[in-house]
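Enquirer: In case you want the letters, here they are:
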Amino acid sequence: SQTIHQWPATLVQPVGSPLSLECTVEGTSNPNLYWYRQAAGRGLQLLFYSVGIGQISSEVPQNLSASRPQDRQFILSSKKLLLSDSGFYLCAYARSNSYEQYFGPGTRLTVT
Amino acid sequence: GNSVTQMEGPVTLSEEAFLTINCTYTATGYPSLFWYVQYPGEGLQLLLKATKADDKGSNKGFEATYRKETTSFHLEKGSVQVSDSAVYFCAPAGQNFVFGPGTRLSVLP
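Those protein sequence lines, which keep their order, are chains F and W.
Numbered per this note's numbering, the first sequence finishes at 1572, counting up by one with no gaps.
Numbered per this note's numbering, the second sequence finishes at 142, counting up by one with no gaps.
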């Protein structure tokens, strides 16, 4: 069976500090991978998606970047966090021949 | 690209009431349609889906029918429970997945 992990679960970081959030998928090969942000009480905003190693598409200009160093690993990073980066970050995957997405448990980031 | 319009929440119902959450979409072609549910503090879970016109997706007492002529995929449940309190998202499938803004449902005992 497939599973998706995210860590950390919660994170409190000061403004200007770096960020690294990790997402890994088990049980499937060559998945499509997604990073979303959900601001408090709001819907989901697609940040990045990847269809393969080293292939990253950015949906919105922002203070964040993503990388996919391995087939089932997706990393969200920032060099300097802003207050507006606070939110709930969700990683998701879909099998390469499907649009059905499966979500991780999320990381709650608070920038202070 | 695809887009979604969902009824605005919050929706507050008493236990055993009938639920409808409206969803309409615009898309190229006839994409698969999904409803996801998010319980407090958690990620999204797939609730149900429909892959072609007139298909009815169902799960946990929830149902939604793919209506091509009205480009709609309304979510219904005949008798809600307190445990159904969550945020519900409608989404047409696509390479760039587009989720609706979500509808928060609160069910009171």
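These are computed hints drawn from the structure, not numbers from a lab.
Note that the Cβ used here is the ideal one computed from N, Cα and C, for glycine as well.
Check before you lean on any hint, since a few could be wrong.
Label pairs and their in silico Cβ distance ranges [claimed, not checked]:
no., chain 1, residue 1, chain 2, residue 2, range
1, F, Arg1555, W, Lys85, 39 to 47 Å
2, F, Val1472, W, Ala86, 20 to 28 Å
3, W, Ala86, F, Ser1527, 35 to 43 Å
Interface residues of chain W toward chain F, partial, derived using beta-carbon atoms under 7 Å [what the hints assert, rightly or not]:
no., residue
4, Ala50
5, Ala60
6, Gly62
7, Pro73
8, Leu77
9, Phe132
On the chain F side, residues computed to face chain W include the following (Cβ under 10 Å) [unchecked claim]:
no., residue
10, Trp1467
11, Asn1490
12, Ser1525
13, Arg1528
Enquirer: Now tell me if each hint is right for this structure.
Expert: Structure-based check of all given hints:
Taking 39 to 47 Å as the suggested C-beta distance range, the pair Arg1555 of chain F and Lys85 of chain W does not conform, at roughly 19 Å. Separated by about 48 Å at the C-beta atoms, Val1472 of chain F and Ala86 of chain W break the suggested range of 20 to 28 Å. Taken as a hint, the range 35 to 43 Å holds for the pair Ala86 of chain W and Ser1527 of chain F, whose Cβ atoms sit roughly 40 Å apart. Hint status for Ala50 of chain W: violated, given a least beta-carbon distance of 23 Å to chain F, over 7 Å.
Residue-level restraint check for Ala60 of chain W is violated (minimum Cβ-Cβ distance to chain F is 12 Å; threshold 7 Å). About 12 Å separates the beta-carbon of Gly62 of chain W from the nearest beta-carbon of chain F, more than 7 Å, and the hint is not met. Hint status for Pro73 of chain W relative to chain F: violated, with the closest Cβ pair at about 11 Å, above 7 Å. A least Cβ separation of about 4 Å between Leu77 of chain W and chain F falls short of the 7 Å threshold, and the interface hint therefore holds.
Here the hint on Phe132 of chain W is kept, as its CB sits about 5 Å from the closest CB of chain F, short of 7 Å. Nearest Cβ of chain W to the Cβ of Trp1467 of chain F: about 13 Å, over the 10 Å cut. The hint is violated. A least Cβ separation of about 15 Å between Asn1490 of chain F and chain W goes past the 10 Å threshold, and the interface hint is therefore violated. Among the interface hints, the one on Ser1525 of chain F is violated; its C-beta lies about 18 Å from the nearest C-beta in chain W, farther than the 10 Å criterion.
With 10 Å as the threshold, the beta carbon of Arg1528 of chain F stays out of range of chain W, its nearest partner Cβ sitting at about 16 Å, so the hint is violated.
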